[in-house]
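Residue-level listing of the chains:
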Amino acid sequence: MPESSTSLYAAREPIFPRRVSGRFRNLKWVIMVVTLGIYYLTPWIRWDRGPNLPDQAVLVDLAGRRFYFFWIEIWPHEFYFVAGLLIMAGLGLFLFTSALGRVWCGYTCPQTVWTDLFILVERWIEGDRNARVKLHHAGWSVRKARLRLTKWIVWALIGLGTGGAWVFYFADAPTLFRDLINLEAAPVAYATIAILTATTFVFGGFMREQVCIYMCPWPRIQGAMMDNDTLTVGYRDWRGEPRGKARDANAGDCVDCMACVNVCPMGIDIRDGQQMECITCALCIDACDDVMDKLGRDRGLIDYLALSDAPREEAGEKPKPIWHHVLRRRTVLYTAIWSLVGFAMVYALFMRPEIEMTVAPVRNPTFVTLSDGSIRNAYELRLRNKHGAERMFGIHVNGDAMWVLGLEGSPYSAVPVAANETLKLRVYVTAPVGSESAQAAETPLRFWVDDLANGERAYKNTIFNGSGS
Amino acid sequence: MAEPRIDELTGRETMGHDFDGIEELNNPMPRWWLISFYLLIIWGIGYTIAYPAWPMISGASKGLLGYSTRGEVAADITAHEAANAELVTALLAQDMGEFDPQSDLHRYAAARGGAVFRAQCSQCHGAGAAGGEGYPNLLDNDWLWGGSLKDVAYSIRHGIRNQTDDDARYSEMPAFKDILEAEQIAAIAAFIPTLPQADWESEAGVLFTDNCASCHGDQGTGDRELGAPNLADALWLYGGDQETLVETITYSRFGVMPAWGQRLSEEDVRAVATYVHALGGGE
Ligand code: SF4
Ligand code: SF4
Chain A
1 MPESSTSLYA AREPIFPRRV SGRFRNLKWV IMVVTLGIYY LTPWIRWDRG
51 PNLPDQAVLV DLAGRRFYFF WIEIWPHEFY FVAGLLIMAG LGLFLFTSAL
101 GRVWCGYTCP QTVWTDLFIL VERWIEGDRN ARVKLHHAGW SVRKARLRLT
151 KWIVWALIGL GTGGAWVFYF ADAPTLFRDL INLEAAPVAY ATIAILTATT
201 FVFGGFMREQ VCIYMCPWPR IQGAMMDNDT LTVGYRDWRG EPRGKARDAN
251 AGDCVDCMAC VNVCPMGIDI RDGQQMECIT CALCIDACDD VMDKLGRDRG
301 LIDYLALSDA PREEAGEKPK PIWHHVLRRR TVLYTAIWSL VGFAMVYALF
351 MRPEIEMTVA PVRNPTFVTL SDGSIRNAYE LRLRNKHGAE RMFGIHVNGD
401 AMWVLGLEGS PYSAVPVAAN ETLKLRVYVT APVGSESAQA AETPLRFWVD
451 DLANGERAYK NTIFNGSGS
Chain B
1 MAEPRIDELT GRETMGHDFD GIEELNNPMP RWWLISFYLL IIWGIGYTIA
51 YPAWPMISGA SKGLLGYSTR GEVAADITAH EAANAELVTA LLAQDMGEFD
101 PQSDLHRYAA ARGGAVFRAQ CSQCHGAGAA GGEGYPNLLD NDWLWGGSLK
151 DVAYSIRHGI RNQTDDDARY SEMPAFKDIL EAEQIAAIAA FIPTLPQADW
201 ESEAGVLFTD NCASCHGDQG TGDRELGAPN LADALWLYGG DQETLVETIT
251 YSRFGVMPAW GQRLSEEDVR AVATYVHALG GGE
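Chains as they are written, first to last, in full-length UniProt numbering: chain A, 1 to 469; chain B, 1 to 283.
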């Protein structure tokens, strides 16, 4: 009977990562503080946009259908900016993965950051690895219950903070905070907080690496972004093997102390080679470097290295320089496309017209004959005022000089458009009886709109339908 | 039950099912999965008791909570009506003679009227209100009975030439086949399109003055009191060609519109009048 288990549902092997210190661990602390700081604090940055507009620097105003990002204001029809950002995020992920493996996963992925934070809490309350392993196997006691409860409460509070921070991106933060406390906020706010609290609690506290291995699609895709020149966490087996006691002259550098395995949040042994589960967090590098330092051996038994370097290093040559790994056709291409999208978006952002107008000819009917025989066409104009103050828009047409313009419900050829609103306006263009455009089937027509205050203008071309006789 | 058999290769229990020598291993579902599954079944049963679900002989079970989608729609409608109550009151109080087209009330009335129009009026006057032969175009500036907001509202409320509303706008053109000879009718039909620069001294001009001017006016420009069309403009309700004019004069026309005041609420009448008036033809 073979040993291998065939269970489809292997029970989860709990992982108790050991504390580690070192340069990568420090980098991870810094990144944790910065990313969490950005996440929790951003909604509280104020930004004065003048009257009638929200004073929050970053705000997704779903009800008002606006997205505010500091000085940038995105309207629903400009959603391509968001699409562009998503494309850039995707390409950025490709770029970093092809250069450095799963660094996103190891350092900045929310799942990793919060899991790291949760493990930190766990370690504070229950002690380091050995204490936690012991506690895990111990039967229930008052002490265990107390420790567990404390841990879960702190986790739940962090979860609450996470869900709580999220909703502030969608409403004025101070107001919402007050409403939340007074139980006056919208039910959807409470529901969102509850769901995010629960997911943070469960994902960060209990599922941890399971999310990365079984739920996240990225580990399955990343292989396509990497090649032999990608720098990723690896073990120099030609240097470490065969493992043995430090005193053993025939053994390699690896003393089989299991430090690298014990610190790994994914619960893998990097000495088995590259694995899908590895998030290249480099904690094993820190752990092993520590051991090597103590033994007085060279660091880098576990290191960021590229597969293509292995044979050269094994043969005693120097590895290729770092820039050789980072600057490859693949990474240059990703960078180029990434910058292209970025430039296009910045360009689009600055070239956004100040006046936006759409013109839709009314097609039912295409034209109306008036009692004196003149021909009238109707158009639906939408005028968008993206400024914080009311603007007066003048409207006129180019084309047949005989055309008479009329605005619905207004004796003038100018209309006020309220701040931050889109005005729908019906405009009539009449061609006198016998005029060329009244008789032609179609005549080109251009609508001009200008801001009477500052002279900015915009136009849209359309068609005037005549009787065609 | 027999002792569970242990599969030799895997060392696992089998289910005891044997299909031509192929046996099924006992791989139980994870417990959390099973628990959620059973809980959902229980929840499902509770749900079908609480809400309408089970098909019965006449209709489905009502459910303990008394919920129904129809009830929800009714509640929705009531809520909307309540939300608009103020606007409706204002609309009922609004002097239709001076309705500010820039006001919020006007926008509300026009939007509401548009909905009423599409449901009730578009069958005859067309979805775009451009009318058709015999059905007036509501977009142009030609009105049989007057194009002010008040006049339009009156026409909608009481209708035209119907038998149901005593206040309906009413007039009747005689069928001239009993009054004039066919040649005389043809002459008038030929004369009408020459209006307004017509030869009034001609035989047809004299015939027109004698027979038609009492309703359509000395110059043929119509009379809104009588709903008599302006014959001197470019618009024709039934057609301005010779043949149609002969037919119109010979047999006359009798366009009928129902009294919508009997079918619609007063606020709907006012709303649809506002909408029609704002379409570009209103005076
Ligand atoms: S093997 Fe090393 S780099 Fe990979 S996840 Fe584990 S600790 Fe992090
Ligand atoms: S930490 Fe280094 S020395 Fe220790 S087992 Fe891992 S690779 Fe070997």
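Honestly, the hints are just simulated from the structure, not real lab data.
Be aware that one or more of the hints could be misleading.
[Said to hold, decoys possible] On the chain B side, residues computed to face chain A include the following (Cβ under 10 Å):
1) L139
2) L226
3) A234
4) L235
5) T250
6) S252
Note that this is a predicted model, so its numbers are computed, not measured.
Glycine residues also receive a C-beta, built at the ideal position from the N, C-alpha and C atoms.
Now for the hints, and whether the structure bears them out:
no.: 1; hint: L139; verdict: holds (4 Å)
no.: 2; hint: L226; verdict: violated (18 Å)
no.: 3; hint: A234; verdict: holds (4 Å)
no.: 4; hint: L235; verdict: holds (5 Å)
no.: 5; hint: T250; verdict: violated (25 Å)
no.: 6; hint: S252; verdict: violated (22 Å)
Violated hints, in rising order: 2, 5, 6; the structure is consistent with all others.
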